[in-house]
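Visitor: Here is how the chains run, residue by residue.
Number of protein chains: 2
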Amino acid sequence: MAVIAILIDDMFEDVEYTTPAKAFREAGHSLVHLGLKKGAEVKGKKEGTVVAIDLETGSADPAAFDALFIPGGYSPDRLRAHKEPVVFARAFMETQKPLFLICHAPQLLISARVLEGRKLTGWKSVAVDIKNAGAEYIDAPVVIDGNMVSSRGPKDLPQFLNTCVEMLSKH
Amino acid sequence: MAVIAILIDDMFEDVEYTTPAKAFREAGHSLVHLGLKKGAEVKGKKEGTVVAIDLETGSADPAAFDALFIPGGYSPDRLRAHKEPVVFARAFMETQKPLFLICHAPQLLISARVLEGRKLTGWKSVAVDIKNAGAEYIDAPVVIDGNMVSSRGPKDLPQFLNTCVEMLSKH
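Residue numbers (this note's numbering), protein chains in the order written: chain U, 1 to 171; chain X, 1 to 171.
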């Protein structure tokens, strides 16, 4: 089964973490939470869901993980203000292993400058930033581009998770 | 004295509203709070500062105001998910009257597609989006480009407000 890295910080969209975490675990996968500080507890923006950071992003090796998942909310905006998560996201993108993005998650990849020529979706407020980064924004529940899966937000979670879990089962 | 429109929604950075509001009022200016719904109370993201919306953005006439101020935090991201604030910001930009931006405020102008060729600053996480929108990002406490004044965040408030109040005194 897969070891999935989750890049997360405070103000994440609770349901965009809790629902995928449950689905991935039920499918038999393991989760490793990467963040700015090992041992820190980060909180969701609506329900205050608490997530403990297992590993600092700066100490994480992309080769150690089979997939990367980035939940939305304002966590991606907070993460991209720091060098390490941006560097990790860029390095992981280069491995071409499964990468799962939802809502505001594309912001981190815009900062990593890896979206040029790619197709994806995301929360409507960041559509303009996705386009300005040289990518094609597609207004659909799920967009698959190679090993990159993206969705717009909480309403797309069922389709997003079906696609992600199916992709993981093939790796 | 000037009538200043303030475009604001939930999750604004408290101090980026409270400090400018105090400074503008002390300088004799009036404030009109524009938002998504008249009469709504919007709240700051850290201290829960409550601001009552005076007027819906969709009903506001840019000609009625002498200046526009957009506080930061996640308020600009929320506002730009709606058409009316984006349309208002674009129309106000065209009047060439004083426009004050701090922190994440440039996000709203990126969505309005009015930043190409302009010089500004903003919160470090949105620097890449500002550049991708065709503007020049300058890492300085205050950037003045015509009647547009921008700053990076809370630490720049003293210099930001000196510049804004001085500009208003000349109008």
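Some hints could be false.
No copy labels: a pair is met if it fits in one copy or bridges any two.
Once the Cα atoms are required to be at most 20 Å apart in a straight line, the calculated SDA-like pairs of lysine to any residue come out as [to be verified]:
1. 131 / 21
2. 37 / 116
3. 119 / 95
4. 119 / 167
5. 97 / 116
6. 45 / 81
7. 37 / 93
8. 46 / 64
9. 46 / 18
10. 45 / 14
11. 124 / 84
12. 37 / 26
13. 83 / 127
Just so you know, the hints here were simulated from the structure itself, not pulled from any lab data.
Visitor: If a hint holds in the structure, say so; if it doesn't, say that too.
Guide: A quick look at each hint next to the structure:
1. 131 / 21: For residue 131 and residue 21, the Cα distance exceeds 20 Å both inside one copy (29 Å) and across copies (35 Å).
2. 37 / 116: neither (30 Å within a copy, 37 Å between copies)
3. 119 / 95: within (18 Å within a copy, 36 Å between copies)
4. 119 / 167: For residue 119 and residue 167, only the intra-copy Cα distance (17 Å) is at most 20 Å; the inter-copy one is 44 Å.
5. 97 / 116: within (18 Å within a copy, 35 Å between copies)
6. 45 / 81: both (18 Å within a copy, 18 Å between copies)
7. 37 / 93: neither (22 Å within a copy, 41 Å between copies)
8. 46 / 64: Result: close neither inside a copy nor across copies, 31 Å intra and 36 Å inter.
9. 46 / 18: within (12 Å within a copy, 23 Å between copies)
10. 45 / 14: Classified as both; 7 Å inside a copy, 16 Å across copies.
11. 124 / 84: Classified as between; 14 Å across copies, 26 Å inside a copy.
12. 37 / 26: For residue 37 and residue 26, neither the intra-copy (27 Å) nor the inter-copy (42 Å) Cα distance is at most 20 Å.
13. 83 / 127: between (23 Å within a copy, 13 Å between copies)
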